[in-house]
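Student: What follows is each chain in one-letter form.
2 protein chains.
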Amino acid sequence: MKNIKLTIEYDGTDFLGWQKQSKGRTVQEEIEKALSKILKKDVKINGSGRTDASVHAKGQVANFREAFTIPVERLPVALNSVLPDDIAILSAIEMNYDFHARYNAMGKKYVYKIYNSNIRSPLSRNYVYYVPQDLDIEKMKMATKYFLGTHDFKGFMASGSSVKETVRTIYNLDITEKEKQITVEVSGNGFLYNMVRIITGTLVDVGRGKINLNDLENIIASGDRNRSGHTASAQGLYLYEVYYK
Amino acid sequence: MKNIKLTIEYDGTDFLGWQKQSKGRTVQEEIEKALSKILKKDVKINGSGRTDASVHAKGQVANFREAFTIPVERLPVALNSVLPDDIAILSAIEMNYDFHARYNAMGKKYVYKIYNSNIRSPLSRNYVYYVPQDLDIEKMKMATKYFLGTHDFKGFMASGSSVKETVRTIYNLDITEKEKQITVEVSGNGFLYNMVRIITGTLVDVGRGKINLNDLENIIASGDRNRSGHTASAQGLYLYEVYYK
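Just so you know, the protein sequences line up as chains A and B, in that order.
For what it's worth, my numbering labels the leading residue of the first sequence as 69, then goes sequentially.
For what it's worth, my numbering labels the leading residue of the second sequence as 69, then goes sequentially.
In case anyone wonders, no lab produced these hints; they're calculated from the structure.
Cβ coordinates follow ideal geometry from the N, Cα and C atoms, glycine included.
Keep in mind that a hint or two might mislead.
With a Cα cut of at most 27 Å, we get these calculated DSS-like pairs of lysine-lysine [unchecked claim]:
hint	chain 1	residue 1	chain 2	residue 2
1	A	Lys-278	A	Lys-209
2	B	Lys-222	A	Lys-126
3	A	Lys-248	B	Lys-126
4	B	Lys-126	A	Lys-246
In silico negatives: residues of chain A with every beta carbon more than 12 Å from chain B [what the hints assert, rightly or not]:
hint	residue
5	Lys-109
6	Met-174
7	Arg-193
8	Ala-226
9	Asp-242
10	Asn-262
11	Asp-283
12	Asp-292
13	Thr-299
Next comes chain A alone, as it looks inside the complex (with noise of 0.2 Å):
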């Protein structure tokens, strides 16, 4: 029996999202049937966590536990082949057995990109966010700071979660820009559902004016999802990393 890590590249566009449901095309199921094919046995993997509808991923990772002969280093070139063009495996280790993506999972880094401009684009509808109004991007990154460390961040999730624990540690929140692209980087020790879309809706709204930068540290603070800022859209979201020891 063996325990494989895989770290998954895949393009969220045609997707519901990763977790299998009963109906419509998700990532886990593909993989599963690719692996299913290729092992001639009935694989489940276990993911990381969730990524919703159109929410892309350079760096999402699943394990799966099962007793094969195929080598290990040849998984990847074997899946690939039989996986759909919007997914590919980047690698396959054999880890401990004790190996679970989700429950050792120590922390994730996700990127959000927006595309600003007074015309849409386009080549990257499917991957960016795209922000008509003019955005001041020296208030977004001022805007960052009181968004590190740790806090209870009961207010930038989508309301309905049912998660009881809302406190996280934001290890890192970076925002660049080259022409009319803006990078968010964001990495912490989980995120709630939404997190970084709000975290990101909000930083936008800090940006063209809608919330001001000194009332910032108390919309945290009030844990209120109706002060924090607005859900930027799915598609401008690519899950980059998940951290494990």
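Knowing the structure of chain A, use the given hints to seat chain B on it.
Tutor: Then chain B, alone, in the frame of chain A:
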């Protein structure tokens, strides 16, 4: 009567190409439909040239002559509101009555993107040419100099093309690399059918050792399509700019 020059970005993935045809989705037809809707009359446009299915544009140019009252500077916003997501008008400028997007074009600039890695990339699959083999980029860079200047490019035209005059001048041919992405930039006074894709295919064949650098001068001089390289795939190609006086 006004004569309007449109600059256009499109994602070629879901088009049969630029030119209108009896069946299937084309960029020209979508723009003509949008213009007819906004100007409330039938409008025909002249493109600077065709692009094939799956080929993209960051700066395709077209013109049309019509009498209308809507201010020219408002045309892009008006058109973009009715155009599909995969086309956008970047600018609209009024020209002299004589201006013609095709006849007045002095040259063009194309960009060709290659993704070179042993694992394919789902996120860029529609926007790059995926080359899994190792490429000797220094050799590819050395190869570019043989294409510069004025040559008979008969051997770099799709076979079956009926064009008689096959002499063209290449002003510039540059290769740059960043991680796994290789970008070929080429500008010239005109390009034969598939010429950029065959030049790129030839450069890739030099990079993977299928064509010898020392033979390149003879291959170009021979005018023999059987001696030049393969035709690189359409989805890596971008029409970037059309030059006018």
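Student: Provide an ascending list of the numbers of those earlier hints which the structure does not satisfy.
Tutor: Violated hints (numbers, rising): 2, 7; every other hint is consistent with the structure.
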